[in-house]
Amino acid sequence: MSTQTAESSDERATRFDPDGGAPPSGSQGDSRDRPLSWRNLARTAATGYLPLLLATLVVVAPLGWMVLSSLKAPGEIITTSLSVLPHSPTLDNYAQAATTVPFARFFLNSVVVTVIGSTIKCVLAVLTAYALVFVNFPFKKAIFLAILVALMVPPQVSVLPNYIFIAGLDGLNTYWGIILPGLGTAFGTFLLRQHFLTLPASILEAAEIDGAGHFRRLWQVVVPISGPSIATVALVTIVGEWNDYIWPLIVTDRPEMMTLPVGLTLLANSDSTSQAWGVLMAGAVIVIIPILVVFAALQRFIVDGLTQGSVTG
Amino acid sequence: MVKGSPRPKAANKRWTPRARRDAWVFLALALPNLLLIAFFTYRPLFVNMYYSTLDWTLGSMDATVVGLGNYIEFFTSGDAPAVLGATAIFTAATVGGSMVLGLLVAVALNQKVPGRTIARSAVFAPYVLSGVGVGMVWLFIFDPVYGALAWMLRGVGLASPQWINDPNLALAMVIIVYVWKNLGYCAVVYLAGLQSMPQDVLEAAALDGAGALRRFWFISFPLLSPTTFFLLITTLLSSLQAFDIIKIMTPTGNGTGTLIFESYLQAFGAYNRAGYSAAISVVLFVLLLVMTGLQLRFVERKVHYA
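Taken in sequence, the protein lines are chains B and X. Residues in the first sequence are numbered from 1 upward in steps of one, following the numbering used here. Residues in the second sequence are numbered from 1 upward in steps of one, following the numbering used here.
Same shape as in the complex, but just chain B:
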């Protein structure tokens, strides 16, 4: 979409910048002379702030409700006269969630699976993308096409055959059984390849003339100047691994090997908490909040990575 607009908004067209100047809003043309009149302020509030506020509220309210409810005593939840804030905030729900199911263990499992899985995936993505861009090989186009197609094959379709395979190797309820089938990374490879193609060839030529082999060119030239792109791939991968559900759900049935999303399901199914919404909200907080914090801190990379393809080109 950028090609025909390249002249009028060159930077914004190629790289999406949230802080970049917005186009003039509709009301500006006729109100330029008296920008602070009451009429203009009211109009800005109605057309500018109100929709924004509404959209933000619709998104934030359920999450806020989750956090507040997780801090309420059971009597404040099992009631038809709701109050928004908890009367006396308590962590009892968290304690009960942790005694009903091994939540600390779920957390540890999620961390282990996410850290190991994402690390390997990122390394594989960097290596494959480098090979596809900078190393000569006969069938590169076909290989890249196969990766593109793999990008569109949903993991859910391959669940049953992979389950049979992993079960056959006694991989059920093991870390490697959870991690291994998801390690091949089409997304990271695709994203990094697109980035590597934009690197100036002259830098790599200079390194080659200086006698640097492929491995030195990769680790000392390409990787150091690709920090943001690699961070994007890393963060999107971390989010995906943390939230991954269907595969860990199928491959684990012993609580001590479950990840957080699977453990939350277990908590929901256990008799003592079937209607204990406060406890379930505490569980949801533990699943959701870590990613929310990561997102809040590093959202630029995550948004860029997840909307990639729409703004490239």
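It is possible that part of the hints are untrue.
Some chain B residues close to chain X (C-beta under 7 Å, calculated; not the full set) [unchecked claim]:
1. V135
2. G184
3. F295
Which bits of chain X does chain B cover? Going by a derived footprint, with three or more residues having C-beta under 8 Å, they are [stated by the list, open to error]:
4. 110-122
5. 264-278
To be clear, the hints were calculated from the coordinates, so they are not data collected in a lab. Bear in mind the structure is a predicted one, so any value in this text is a computation, not a measurement. The C-beta atom is built at its ideal place from N, Cα and C for all residues, glycine as well.
With chain B's structure known, arrange chain X on it following the hints.
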């Protein structure tokens, strides 16, 4: 056009010592990833086709070959209309809902008001959150007795419907939650489209006296059509893969048995029917293949790969 390789290709002699060395380097770097993708992404597609010809209880040692029996059963029993119907309704409603609402939010975000960066982040946030966690939160909100929605409905004198027990309402419920989780993605992609819009055209139209609505409908929206098409394909693909929210909110698939969820329920739910589950997976895969074709053509046009 910058070529993929920084140096000219060895044109004629393919297997010079240098080309040979490069080939080994390529394999050393790329092969692990390629093998993993081949084994865990491509192989299952073919294995599924084989499984789909079996009458096979998951966990049992013997299976009988039934040929197209599973497909015949799927399409002649009541399953096909129910499953394909649920899939069609869920997909159409979630794609339409998140794109329309996403566009509206994008227009709201595309204004010079303070706080819009924060609003943009907030709106996008649900997209990165765990579907299981989000589904659990909304299940509480939809609770017909203690939920926040029931409380609000009581406030205006209405009784809360039984969202989970009624199959139609259960489907509506998962659609609402899915749209809530995904509209931020559409909003941010549309916002990027709006911000790369040629401003001179819009300004010229404003000078000619076109109002904001007309400018949007006759200029902005047509110019956004590549973005709209991109979103249509990507949200279609992801809606057809939706699992987490549906599974956590309706564990037994009451009215919400889409292709992906029904395939899961058949193999790993109560029935352990591996062959039948594989057949449903193959049906889903064929559906995805059609859309992947569209997507590939689009990507080819859009990202100019070498």
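A quick look at each hint next to the structure:
With its C-beta approaching chain X no nearer than about 4 Å, V135/B sits inside the 7 Å limit, and its interface hint holds. Because the smallest distance between the Cβ of G184/B and any Cβ of chain X comes to about 3 Å, under 7 Å, the interface hint for this residue holds. With a cut of 7 Å, the hint placing F295/B at the interface with chain X holds, because the nearest CB-to-CB distance is about 5 Å. Only when three residues or more bring their CB closer than 8 Å to a CB of chain B does the claim for the region 110-122 of chain X stand; here the count is 12, and the claim holds.
With a threshold of 8 Å between beta carbons, the proposed coverage of the region 264-278 of chain X by chain B holds, since 6 of its residues qualify and at least three are required.
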